[in-house]
Amino acid sequence: MKREDGRKPDEMRPLVIKAGVLKEANGSALVKLGKTTAIAAVYGPRETHPRHLTRPDKALLRCYYNMAPFSTNDRVRPGRSRRSTEIAKVTREALEPALFLEEFPKASIEVFIEILQADAGTRTAGINAASVALADAGIPMRDLVTSIAAGRIDKTPILDLAGKEEEETECDLPIAYMPREKKITLMQMDGDIAQKNLREVIDTAIKVCEQIYEKQKEALKERWVGEGK
Amino acid sequence: MEEKDAGEKKAPAKEEKPQAKGLLKKEREFVVPGDKIVDSMEFLPGKNCFRDGNSIYAKKIGIVSVNGRVVSAIALNSVYDPKTDDMVIGEVTEIRDNGWVVDIKSPYHALLPLSQVGEYVDPARGDMARIYNIGDMLYCRVSQVTTAKRIDVSMLDRRTRKFHGGRILEVNPAKVPRIIGKLGSMINMIKDKTGCITIAGQNGLIWLMGEKPVQDLAIKAIRTIEKESHKDGLTNRIGEMLDKAGGAGKPAAKAEPAKTEPAKAPEKEEKK
Numbered sequence: 001m002k003r004e005d006g007r008k009p010d011e012m013r014p015l016v017i018k019a020g021v022l023k024e025a026n027g028s029a030l031v032k033l034g035k036t037t038a039i040a041a042v043y044g045p046r047e048t049h050p051r052h053l054t055r056p057d058k059a060l061l062r063c064y065y066n067m068a069p070f071s072t073n074d075r076v077r078p079g080r081s082r083r084s085t086e087i088a089k090v091t092r093e094a095l096e097p098a099l100f101l102e103e104f105p106k107a108s109i110e111v112f113i114e115i116l117q118a119d120a121g122t123r124t125a126g127i128n129a130a131s132v133a134l135a136d137a138g139i140p141m142r143d144l145v146t147s148i149a150a151g152r153i154d155k156t157p158i159l160d161l162a163g164k165e166e167e168e169t170e171c172d173l174p175i176a177y178m179p180r181e182k183k184i185t186l187m188q189m190d191g192d193i194a195q196k197n198l199r200e201v202i203d204t205a206i207k208v209c210e211q212i213y214e215k216q217k218e219a220l221k222e223r224w225v226g227e228g229k
Numbered sequence: 001m002e003e004k005d006a007g008e009k010k011a012p013a014k015e016e017k018p019q020a021k022g023l024l025k026k027e028r029e030f031v032v033p034g035d036k037i038v039d040s041m042e043f044l045p046g047k048n049c050f051r052d053g054n055s056i057y058a059k060k061i062g063i064v065s066v067n068g069r070v071v072s073a074i075a076l077n078s079v080y081d082p083k084t085d086d087m088v089i090g091e092v093t094e095i096r097d098n099g100w101v102v103d104i105k106s107p108y109h110a111l112l113p114l115s116q117v118g119e120y121v122d123p124a125r126g127d128m129a130r131i132y133n134i135g136d137m138l139y140c141r142v143s144q145v146t147t148a149k150r151i152d153v154s155m156l157d158r159r160t161r162k163f164h165g166g167r168i169l170e171v172n173p174a175k176v177p178r179i180i181g182k183l184g185s186m187i188n189m190i191k192d193k194t195g196c197i198t199i200a201g202q203n204g205l206i207w208l209m210g211e212k213p214v215q216d217l218a219i220k221a222i223r224t225i226e227k228e229s230h231k232d233g234l235t236n237r238i239g240e241m242l243d244k245a246g247g248a249g250k251p252a253a254k255a256e257p258a259k260t261e262p263a264k265a266p267e268k269e270e271k272k
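Chains as they are written, first to last, in the numbering used here: chain A, 1 to 229; chain P, 1 to 272.
To be clear, the hints were calculated from the coordinates, so they are not data collected in a lab. In this text the structure is predicted, and so the values were computed from the model without any measurement. We treat Cβ as the ideally placed atom computed from N, Cα and C, and that holds for glycine. A portion of the hints provided could be inaccurate.
[Claimed, not checked] BS3-like mimics (lysine-lysine), calculated; alpha carbons at most 27 Å apart, straight line:
1) A:Lys18 / P:Lys26
2) P:Lys26 / A:Lys23
3) A:Lys18 / P:Lys227
[What the hints assert, rightly or not] To give a feel for the contact side, a few chain P residues facing chain A, derived at Cβ under 8 Å:
4) Phe30
5) Leu76
6) Ala124
7) Lys149
[Unchecked claim] The following label-pair restraints were derived from C-beta to C-beta distances:
8) P:Arg69 / A:Leu198: 44 to 54 Å
9) A:Arg51 / P:Gly184: 31 to 41 Å
10) A:Gly226 / P:Gly184: 35 to 45 Å
11) P:Ser115 / A:Leu116: 33 to 43 Å
Full structure from sequences and hints, please.
Structure (structure tokens):
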């Protein structure tokens, strides 16, 4: 089957990951997945404000997801929206299982995800960036979190939907996956799919997560012990 | 801090014993969170590592260090996590009835209780600001860290002081052991070769006192260490670098900080 941009069904768009792109943040990362560009900044662990949100037993993880006004063809209205609040929530829940939050009781860790250019798969790009940024910040983690979306067109599982594919697919299924623990930390679905076909779509996504994992590791290595340093 | 550095310097020759079985990473190899370092029960997880099943994994980005049967990762980036008896540099941010609140660049602020200043202070008479005022920079000892992360600092130590003048430099706290060096070798060399009076807190704040060119040279040296901390033979290279720039480095004669500049809070250097 032929795809719009000539990719194979189980091929993701070109992925570029760069760690440590922001000077002021404790940790940061830039992820480009095809045209989609996400940047993540991590601050903390630091004191929790406002105080009443403090949790006595572990750190508070706070995620923010924002699309730049210029990130799409139509201008995105600045500020929080229903959509950004939801994505921030699922991002937090995708990242939380990978962190040793209990090591910093009462403190908070903040993750800011900014979408500079949006062309499908912004939440997955955001999670990939956030995971690298958290590691870059030196926050204790069980594993890195990788993320990618998959779908199904003409009875074929399709990886990393882009452009028109989002309209043609039976379902759009973004997942986040911890490659070492082999655990899924995020799974959402738009559209509809038969139960017997679901497994196939998930497996397609998980398979490529290993590749993303390697890219994330490379990016961190380049940043901390690379030749340019 | 010394033992951390000691681990880093240990020659790889050490783990050629038969017990090295199950060790998947080499000494000084780079690891990211979740990397498997050991695949056997022969080893124990040390700093920045955790055990899951039979294996030991890294918790943070770092460099592998094997010390006997203990494997640990030397973190490359981290925030300051206070430990009892650390010497830190902090800024007074608030005056309370029971003491001073000190910002020590950690996730938690510290309290300097009235009982820990070595002289009688009567908060009712409002003379606390006379001792330490908001904005003052202190070199103090972490006297207590509770599990609830209440942190107390103390000025009842010979090494503690309040800074007058000078400059504060902010560095990555994970690199402080390298900047200090084994038994202070690195920082003493910087002091000797630049003539800049230097005090490093474990929390990544460094106080510098000296003339401008001398300070700048010391800052350049510290930044270089911060950047290249994972490389070998750093002490020698920094030594050479300072010798080359020797023109600016005058012998450590300018040792009258309080007199040359009137008492004022040190200006802060932006984090780079």
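So, going through the hints one by one against the coordinates:
Of the supplied pair hints, the one linking A:Lys18 and P:Lys26 holds, its CA atoms being roughly 25 Å apart against a limit of 27 Å. A distance of roughly 31 Å separates the Cα atoms of P:Lys26 and A:Lys23; the hinted pair therefore is violated under the 27 Å criterion. With a C-alpha separation of about 18 Å, the suggested pairing of A:Lys18 with P:Lys227 holds against the 27 Å cut-off. The interface hint given for P:Phe30 is met, as the beta carbon of that residue sits about 5 Å from the closest beta carbon of chain A, less than 8 Å.
This hint holds: P:Leu76 has a C-beta 5 Å from the nearest C-beta of chain A, less than the 8 Å allowed. Given hint, P:Ala124 at the interface with chain A, is violated; its Cβ is 28 Å from that chain's nearest Cβ, farther than 8 Å. Restraint check, P:Lys149 versus chain A: the minimum CB separation of about 6 Å is within 8 Å; hint holds. Against the hinted window of 44 to 54 Å, the Cβ-Cβ separation of P:Arg69 and A:Leu198 comes to about 46 Å, which satisfies the hint.
Taking the beta carbon of each, A:Arg51 and P:Gly184 are about 39 Å apart, inside 31 to 41 Å as hinted. Take A:Gly226 and P:Gly184: their Cβ atoms lie about 30 Å apart, and the range 35 to 45 Å is violated. Our hint of 33 to 43 Å for P:Ser115 and A:Leu116 is violated, since their Cβ atoms are close to 53 Å apart.
Going through the hint list in order, the structure does not satisfy hints 2, 6, 10 and 11.
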